[in-house]
Amino acid sequence: MLFKLSISNIRRSLRDYAIYFFTLMIGVSVFYVFNAISGQAAMMKLDESSYEIIDLLSTVLSGISIFVAGVLGLLIVYASRFLMKRRKREFALYMTLGMGKGSISRLLLIETVIIGLGSLAAGLLVGIGLSQLMSALVANLFEADMTAYKFTVSVKAITKTILYFGVMYFVVMIFNSIVVTKMKLIDLMQSDKRSEQIKLKNPIVCVVIFIISAIALGAAYYTVTAGYQELSRSKLIGSIITGAVSTFFIFWSVSGMILRTVMSMKGMYFRSLNSFTFRQISSKVNTMVMSMTMICLMIFVTICMLAAAFCIRNSLNKNIKELCPADYDLQFYLNGHYPEHDVMKIVEEEGIDITEDFSEYAHFYTYIDESLTFEKMLGEDAEEIKKSYSMIMFDSPEKIVKVSDYNALMRLYGRDELELEKDSFIVTCNFKFTKELRDRTLDKGDEINVFGRTLRSQYDDTVDGFITLDVARSNEGIVVVPDDVITESTPLEMEYFIGNYCSDDKDEAEKTVHEKTDELMKNLDFGPCMFTSRQEVNRNSAGIGAIATFVGLYVGLVFLIASGAILALKELSESADSVGRYEMLRKIGADEKDLNRSLFRQTGIFFLIPLILAVLHSVFGMNFAVKTLEVFGTEDMGLSITVTSLILALIYGGYFLITFFSSKSIIKERK
Amino acid sequence: MEQILKIENIEKYYGSKSSLTKAIDDISLGVSKGEFVAIMGASGSGKTTLLNCISTIDRVTAGHIYLEDSDITEIKGKALNKFRREKLGFIFQDFNLLDTLTAYENIALALSIQKKPVKEIDTAVKTVAEQLGITEVLSKYPYQMSGGQKQRVASARAIVTSPKLVLADEPTGALDSKSAKMLLERFRYLNTECGTTIMMVTHDSFTASYASRVIFIKDGKIFNEINRGSDTRKQFFDKIIDVVTLLGGDMSDAL
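Same order as they appear, the protein sequences are chains A and B.
Using this note's numbering, the first residue of the first sequence is number 1, and each one after it goes up by one.
Using this note's numbering, the first residue of the second sequence is number 1, and each one after it goes up by one.
These are computed hints drawn from the structure, not numbers from a lab.
The model shown is predicted, which means the values in this text are computed figures rather than measured ones.
Fair warning: there could be bad hints in the mix.
To be verified - Lysine to aspartate or glutamate pairs mimicking DMTMM-like chemistry, simulated, CA-CA at most 25 angstroms apart:
hint: 1; chain 1: B; residue 1: K115; chain 2: A; residue 2: D591
hint: 2; chain 1: A; residue 1: K668; chain 2: B; residue 2: D58
hint: 3; chain 1: B; residue 1: K87; chain 2: A; residue 2: E583
hint: 4; chain 1: B; residue 1: K181; chain 2: B; residue 2: D219
hint: 5; chain 1: A; residue 1: K266; chain 2: B; residue 2: E225
hint: 6; chain 1: B; residue 1: K239; chain 2: B; residue 2: E225
hint: 7; chain 1: B; residue 1: K87; chain 2: A; residue 2: E592
hint: 8; chain 1: B; residue 1: K221; chain 2: B; residue 2: D99
hint: 9; chain 1: A; residue 1: K593; chain 2: B; residue 2: E120
hint: 10; chain 1: A; residue 1: K587; chain 2: B; residue 2: E74
hint: 11; chain 1: B; residue 1: K119; chain 2: A; residue 2: D591
hint: 12; chain 1: B; residue 1: K33; chain 2: B; residue 2: E136
hint: 13; chain 1: A; residue 1: K376; chain 2: A; residue 2: D464
hint: 14; chain 1: A; residue 1: K587; chain 2: B; residue 2: E225
hint: 15; chain 1: A; residue 1: K444; chain 2: A; residue 2: D470
hint: 16; chain 1: A; residue 1: K668; chain 2: B; residue 2: D94
hint: 17; chain 1: B; residue 1: K164; chain 2: A; residue 2: D591
hint: 18; chain 1: A; residue 1: K587; chain 2: B; residue 2: D94
hint: 19; chain 1: A; residue 1: K516; chain 2: A; residue 2: D470
hint: 20; chain 1: A; residue 1: K593; chain 2: B; residue 2: D99
hint: 21; chain 1: A; residue 1: K587; chain 2: B; residue 2: E8
hint: 22; chain 1: A; residue 1: K664; chain 2: B; residue 2: D58
hint: 23; chain 1: A; residue 1: K266; chain 2: B; residue 2: E74
hint: 24; chain 1: A; residue 1: K201; chain 2: B; residue 2: D99
hint: 25; chain 1: B; residue 1: K116; chain 2: A; residue 2: E375
hint: 26; chain 1: A; residue 1: K284; chain 2: A; residue 2: E574
hint: 27; chain 1: A; residue 1: K593; chain 2: B; residue 2: D58
Based on the sequences and whatever the hints tell you, model everything.
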């Protein structure tokens, strides 16, 4: 009997449940898709280190899954509490007919089980479908071979999804029973006689609070952007808290002010259905200040995470092309001593020749002059700069390279060579931060003393360039000097060996060279050395890019779903409550077109309010992110923002459209 | 007197062929400009259906309804809404005010739907509020008002657009007797002083006695019709009671 009743209840309130069910379903499928990634990847032909990265990725994703489960759990509890509220009259009817609270609890339990099983089944089906698409993305990120790909279902991920969502539904059931036992019949019966108290907030208080919050928010924005240099961890956390609290108070005060402002614009307020529209919006926003705040912050985090993730991925790929123009790079730290071992010499002594594996290579040294420090290079401005940038090592000596060596390397790299004039020097640099400082202080004709010679700066600014293979623009500055400055006795800093493999099979060539360098390392007198290979850089950056992309997508999607669902539930229930109002407007002759326009505006503004503030937050948040991600290079920010906006528009906009069209059908004239 | 409303042989059927209900069975009547007509009948007699057909909320199965020469049974869609908001005023039993708007805004809404300029709206609302004695409650919300005040606000909304015809469906149905009396006094004032044409549906003899003409409906047909003429309200009330008695048990709830 209870079962039949549950079924008919669900069928009857299908409209209320549709968005709930839909959200659960997406939640389940997203959860499955991200947990199935490692299983999907196992089906692909990948190399060893890619598997390691995928292992790391799946560890990261399962950690995030716990957080995601928390967010989805809260969303489900919120939604079910919301749906319960809407059914008070129905419960009152059951109770007046003599149904016990135990039976009502059981009724709800059956409903939750049905909805839960249904959404799990549907969500898993959708998830399994989507995860095949995800495999394509994984393959693309790891440049894997997809030809051997088969349709895969991850049993592990299915079990995990069922387990997590089972726990969530169980919590909902407990929660529902608590609510049921607390219900009082008299409250239930009077619940629809809502004598809605419309309290306009004191406008002066609103304006004052708004100004205070706006100032606080402005200060937080300033701290994370313009005040970036002095940003400490505690300041950053302080700014985030300030931002969140001000967001709340801005919504609180704006909800009070919107109506006042519009009401004072009489020409606009009393045009068509505007008075009705704005009253509706105002009452919705008034009761949703807390939810709006949460939604706004979630959208903000989503935008920043997605944009940053795509930015890291895109920049890495692009960087590799530009910043790794050779196959292999071997570096020995000589620390100002004369070379006791040189790659060439060891080659002779040990009988290991790595040069034979390279079709072309550059072999050179860099030098240091202890007296020529970064501080010296900055010249007169050094004191002032030192004050504001305390974390820079100003007394570290500058890296110096001969122009002929540098140009030989540039030929290998296929980059522009330098034309250095007599008694001059050029600084090459590509790390944005030090580049700015150097450009600011470097003037044509500036003189430096190096190895007893006086050289003058050939250019006003630094020249874009680097000598070692890297994933990021991290050359803080190298001084290129004429060959005649360097003598036999000049102290050496490092020895470099950079080249391209002979073999076309780069992986094989890498292996051979590795074996040889391992052999070289066995010589303990050899001192510290470091190598970078393009193959490895490729793999690592694919890994970093993949992890960033997946984490960003995962959290972003879940946050967007949660935001959309909360707004949609609220808006739909408001529409259901307002059916009578629309009916009345129709009776006094309002056009259907005007009613729909009013509904569109209500839904639109309701969805826009948290979005606008979130976008504003993001502008500053991204600014901060750009600075933090500086080393990765952020030229591709535009593309990242475009992709992020598309995802946002798709999900958030999707929820908006579903909400609008469902609301429209709710308020539609019944004949 | 110029006829403002002319109803010709209208019929309204509900249900399917197997179980047909004739809510209105061939009714014809006319209302002149400046008249205050009451339609009486028991529950299920078809009086509300009649009102719904006149107000274009419902459609007739057969027959024609003319309001100022235009046949409203022929109007459709957008034109229907335009007609409704420009020519008709509605007063409902349960007030039908928007609970989120103040009294002023509720009244103004009827005009702003017609896209009237703000200045015009303001004067019109204030004038009509004065006529109905609700100037003090203009800034209040429906939940802050008494039933009588709400109904007068609803009435103000109905007449603020200067409609050709005001249709009232059981306007006193949800009011206590004192508020009902006050409202009806206002109706009579609007009718005699402002020349508003009112058509009111009721099953209450006291309410009907404020009208200048009462039409009785039984089983979808016109049963009787009495004019007030020069009678006092009390005399007219007695006459109505007589007809109601004649109608018998069916209308006993009308007493």
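Results of checking the hints against the structure:
no.	hint	in the structure
1	K115/B to D591/A	holds, 12 angstroms
2	K668/A to D58/B	holds, 16 angstroms
3	K87/B to E583/A	holds, 19 angstroms
4	K181/B to D219/B	violated, 29 angstroms
5	K266/A to E225/B	violated, 48 angstroms
6	K239/B to E225/B	holds, 11 angstroms
7	K87/B to E592/A	holds, 18 angstroms
8	K221/B to D99/B	violated, 37 angstroms
9	K593/A to E120/B	holds, 24 angstroms
10	K587/A to E74/B	holds, 18 angstroms
11	K119/B to D591/A	holds, 23 angstroms
12	K33/B to E136/B	violated, 32 angstroms
13	K376/A to D464/A	holds, 21 angstroms
14	K587/A to E225/B	violated, 29 angstroms
15	K444/A to D470/A	violated, 29 angstroms
16	K668/A to D94/B	holds, 21 angstroms
17	K164/B to D591/A	holds, 20 angstroms
18	K587/A to D94/B	holds, 13 angstroms
19	K516/A to D470/A	holds, 22 angstroms
20	K593/A to D99/B	holds, 22 angstroms
21	K587/A to E8/B	holds, 24 angstroms
22	K664/A to D58/B	holds, 22 angstroms
23	K266/A to E74/B	violated, 37 angstroms
24	K201/A to D99/B	holds, 18 angstroms
25	K116/B to E375/A	violated, 74 angstroms
26	K284/A to E574/A	holds, 8 angstroms
27	K593/A to D58/B	holds, 20 angstroms
Hints 4, 5, 8, 12, 14, 15, 23, 25, counting from the list given before, are not met by this structure.
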